[in-house]
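Participant: Here is how the chains run, residue by residue.
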Amino acid sequence: MSKTLFEKIWDSHIVVNEDGRSLLYVDRHLIHEVTSPQAFEGLRLNARKVRRPDLTFATMDHNVPTSDRTLPILDQTSSVQIKALERNCKEFGITLFDIHSPNQGIVHVIGPELGITLPGTTIVCGDSHTSTHGAFGSLAFGIGTSDVEHVLATQCIMMEKPKTFEIKIQGKRKNPHAVTAKDIILSIIRKIGTAGGTGTVIEYRGDTISELTMEQRMTICNMSIEAGARAGLIAPDEKTYQYLKGRKYTPNNYDELVNDWRDNLKTDSGAKFDKSFTLSAENIAPQVSWGTNPAMTDDVTGSVPFPDEYGKGNPEEVKGATKALQYMDLKPGTPIIDIVIDRVFIGSCTNARLEDLIEASKVVKGKKVASKVRAMVVPGSQLVKKNAEEMGLDKIFKDAGFEWRESGCSMCLGMNPDILAAGERCASTSNRNFEGRQGSGGRTHLVSPVMAAAAAINGHFVDVRELDLN
Amino acid sequence: MEPFKKIKSIVTPLDKVNVDTDQIVPKQFLKLIQRTGFGQYLFYDWRYEQGGIPKTDFILNDPEYKNSKILLARDNFGCGSSREHAVWALDDFGFKAIISTSFADIFYNNCFKNGILPIRVSDEILQKLFSTKSEIEVDLEDQTIMVNNTPVSFDIEPHWKKILLEGLDDIAMTLQHASQITKYERSHKI
Chain R
1 MSKTLFEKIW
11 DSHIVVNEDG
21 RSLLYVDRHL
31 IHEVTSPQAF
41 EGLRLNARKV
51 RRPDLTFATM
61 DHNVPTSDRT
71 LPILDQTSSV
81 QIKALERNCK
91 EFGITLFDIH
101 SPNQGIVHVI
111 GPELGITLPG
121 TTIVCGDSHT
131 STHGAFGSLA
141 FGIGTSDVEH
151 VLATQCIMME
161 KPKTFEIKIQ
171 GKRKNPHAVT
181 AKDIILSIIR
191 KIGTAGGTGT
201 VIEYRGDTIS
211 ELTMEQRMTI
221 CNMSIEAGAR
231 AGLIAPDEKT
241 YQYLKGRKYT
251 PNNYDELVND
261 WRDNLKTDSG
271 AKFDKSFTLS
281 AENIAPQVSW
291 GTNPAMTDDV
301 TGSVPFPDEY
311 GKGNPEEVKG
321 ATKALQYMDL
331 KPGTPIIDIV
341 IDRVFIGSCT
351 NARLEDLIEA
361 SKVVKGKKVA
371 SKVRAMVVPG
381 SQLVKKNAEE
391 MGLDKIFKDA
401 GFEWRESGCS
411 MCLGMNPDIL
421 AAGERCASTS
431 NRNFEGRQGS
441 GGRTHLVSPV
451 MAAAAAINGH
461 FVDVRELDLN
Chain S
1001 MEPFKKIKSI
1011 VTPLDKVNVD
1021 TDQIVPKQFL
1031 KLIQRTGFGQ
1041 YLFYDWRYEQ
1051 GGIPKTDFIL
1061 NDPEYKNSKI
1071 LLARDNFGCG
1081 SSREHAVWAL
1091 DDFGFKAIIS
1101 TSFADIFYNN
1111 CFKNGILPIR
1121 VSDEILQKLF
1131 STKSEIEVDL
1141 EDQTIMVNNT
1151 PVSFDIEPHW
1161 KKILLEGLDD
1171 IAMTLQHASQ
1181 ITKYERSHKI
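Heads up: the protein sequence lines correspond to chains R and S, in order.
Position 61, counted from 1, in the first sequence is what my numbering calls 61; the numbers after and before it change by one each time, with no gaps.
Position 90, counted from 1, in the second sequence is what my numbering calls 1090; the numbers after and before it change by one each time, with no gaps.
The following block holds chain R by itself, in its conformation from the complex (with noise of 0.2 Å):
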């Protein structure tokens, strides 16, 4: 019978079928510090033990400093929670890669930079952008943190059966530098709304994912949850098997392996999605979201929309727009490129790469960041700020005025001391636009990493594709 790739790795990971569910065993299980404490706290409590700490890896993420890391940690909470990962990683006995590491970064980031995301899989962790790994046909799935305690004591989780949900991109875009992954998956979600995905597992498919490099496929899946999905699945190449070939974690029969994700991991033609979205490519402009929620979003030409128009017809969704207007404080009517920023975050699991930091770059060269703008760079792991200065891109954007940091989620959510100050504005390549994200009071406008540098050197949004890039 046909099947699609989620079925394959669905169904080769089935335990035991239940009541409608089937038990799911997990190949790697990533851990950090914020929604695991509690979790091991509960194995505490009732003498149970982690069952493959072997396949378990943590780092802490979420809330460390991205300043100098030789200094204490001034937050006492922050340095509870982190400590407390320390103790029950050790008393466990599980991999973590701390704030000290050479390999500590986001968890997304890291995971398939270790080579401990692999094609075929399952994957694990506390936190929604987990969907991240998909980008390696991992079929990776965010829970909360009783789930988390579940998996640590039985390596497996218990779940009902998604549903899939095929979206296929294609065409050429007119200019790749400028309209970036982040601009097709901001659109996609503009287009079926964040519960546009809820209940399934999307698999990208289509001409112009196929030539999307490892990383911008990462920031496509990355995003899947904020569609509402359970998850997000992009089939494996010849690029996903060269990514992976001889990074630490990657097991030492791969080539092995890979002969045998050739064949297999991929959807059979003739396999059925219980639904479809198709998008083209071709027209697609720089996203920039007005609203505090990622379906709120304009292209860069467009303007900040009225609600009914936003709305269209549905009385609820128009009083969301009004709210949303109200705490972004923006004025229908207003174009795009005429909002002013006071900061700008390049960073999270969605969009602190090398290949983010490097595009980001170019715009920035040889400029300098708008006077009344506060700029910084957090890239995504320890290894991408030592490959980013390697290349000399720390130099770019400190001698245009950018902060240069240390690696951690940072101001994507605000745990640590990065935080925006209320009524302040920021470009920020995020994931989430939602109301005190990035601060309490501090008003959110997601968009790629080259339409974040653009806004940090011009003080407003600007059209990137008017920009050489090449």
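Keep in mind the hints are simulated off the structure, nothing from the lab.
Just so it is clear, the structure is predicted and the values come from calculations on it, not from any experiment.
Beta carbons: idealized from backbone N, C-alpha and C, even for Gly.
Hints are not guaranteed to be accurate.
Said to hold, decoys possible - Pairs of lysine-lysine, PhoX-like flavour, derived with a Cα cap of 20 Å:
no.	chain 1	residue 1	chain 2	residue 2
1	R	161	S	1162
2	R	248	S	1189
3	R	319	S	1016
4	S	1162	S	1096
5	R	245	S	1189
6	S	1016	R	312
7	R	161	S	1113
8	S	1005	S	1161
9	S	1008	S	1133
10	S	1055	R	323
11	R	365	R	395
12	S	1008	S	1128
13	R	266	S	1189
14	S	1161	R	161
15	S	1189	R	8
16	R	365	R	323
17	S	1161	S	1113
18	S	1128	S	1069
19	R	323	S	1016
20	S	1005	S	1113
21	R	49	S	1183
22	R	275	R	163
What the hints assert, rightly or not - The following label-pair restraints were derived from C-beta to C-beta distances:
no.	chain 1	residue 1	chain 2	residue 2	range
23	R	242	S	1048	50 to 56 Å
24	S	1175	R	77	45 to 51 Å
25	R	90	S	1178	24 to 30 Å
26	R	368	S	1130	51 to 57 Å
27	S	1130	R	76	30 to 36 Å
28	R	70	S	1002	45 to 51 Å
The hints should help you fit chain S onto chain R, whose structure is shown.
Facilitator: Structure of chain S alone, referenced to chain R:
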């Protein structure tokens, strides 16, 4: 986990679509390492002015709803971050059931893991509930909501119903399959 049977209460109407978990419990309160005590942070930025003064126009600050155990929400409730702290906060505040037209997947799952019943109803029923001031009764065994003496039925996955009704520990349930897990591990390559 406490078994869930029936609850009777007035409903707290939260009239907003796409409520994300960043709103339910903002990030500055995710640094605690225990599961308890999150109720005070529920909807913090909507509930309090800067400096901690309650906002009088926010529904949770209305004394009329002080003892409500049922939250009425709109489409796509609990979207965004996987933080289970959102459910711990709702639970600690006193909500035992949430009724909406739809929930985000991870949030929906997290509710059951903590003994909270998320109920999906049609638009029409939700509208009716938004306009009722009287107490309603949720009966999980019968899968009904009693509104003004009229029963409305709802669907729920049989496994979640069983887990809630009996207050089961799902880790203990999975560990009953330990031999199958071991067998799977032996035959699995990666």
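Participant: Are the hints correct? Go through all of them and say.
Facilitator: How the hints compare with the structure:
no.: 1; hint: R/161 to S/1162; in the structure: holds (18 Å)
no.: 2; hint: R/248 to S/1189; in the structure: holds (19 Å)
no.: 3; hint: R/319 to S/1016; in the structure: holds (8 Å)
no.: 4; hint: S/1162 to S/1096; in the structure: holds (16 Å)
no.: 5; hint: R/245 to S/1189; in the structure: holds (18 Å)
no.: 6; hint: S/1016 to R/312; in the structure: holds (17 Å)
no.: 7; hint: R/161 to S/1113; in the structure: holds (18 Å)
no.: 8; hint: S/1005 to S/1161; in the structure: holds (10 Å)
no.: 9; hint: S/1008 to S/1133; in the structure: holds (13 Å)
no.: 10; hint: S/1055 to R/323; in the structure: holds (16 Å)
no.: 11; hint: R/365 to R/395; in the structure: holds (9 Å)
no.: 12; hint: S/1008 to S/1128; in the structure: holds (17 Å)
no.: 13; hint: R/266 to S/1189; in the structure: holds (19 Å)
no.: 14; hint: S/1161 to R/161; in the structure: holds (17 Å)
no.: 15; hint: S/1189 to R/8; in the structure: holds (15 Å)
no.: 16; hint: R/365 to R/323; in the structure: violated (38 Å)
no.: 17; hint: S/1161 to S/1113; in the structure: holds (12 Å)
no.: 18; hint: S/1128 to S/1069; in the structure: holds (18 Å)
no.: 19; hint: R/323 to S/1016; in the structure: holds (10 Å)
no.: 20; hint: S/1005 to S/1113; in the structure: holds (16 Å)
no.: 21; hint: R/49 to S/1183; in the structure: holds (19 Å)
no.: 22; hint: R/275 to R/163; in the structure: holds (8 Å)
no.: 23; hint: R/242 to S/1048: 50 to 56 Å; in the structure: holds (52 Å)
no.: 24; hint: S/1175 to R/77: 45 to 51 Å; in the structure: violated (34 Å)
no.: 25; hint: R/90 to S/1178: 24 to 30 Å; in the structure: holds (26 Å)
no.: 26; hint: R/368 to S/1130: 51 to 57 Å; in the structure: holds (53 Å)
no.: 27; hint: S/1130 to R/76: 30 to 36 Å; in the structure: violated (43 Å)
no.: 28; hint: R/70 to S/1002: 45 to 51 Å; in the structure: holds (48 Å)
Hint compliance for this structure: hints 16, 24, 27 are broken, all remaining hints hold.
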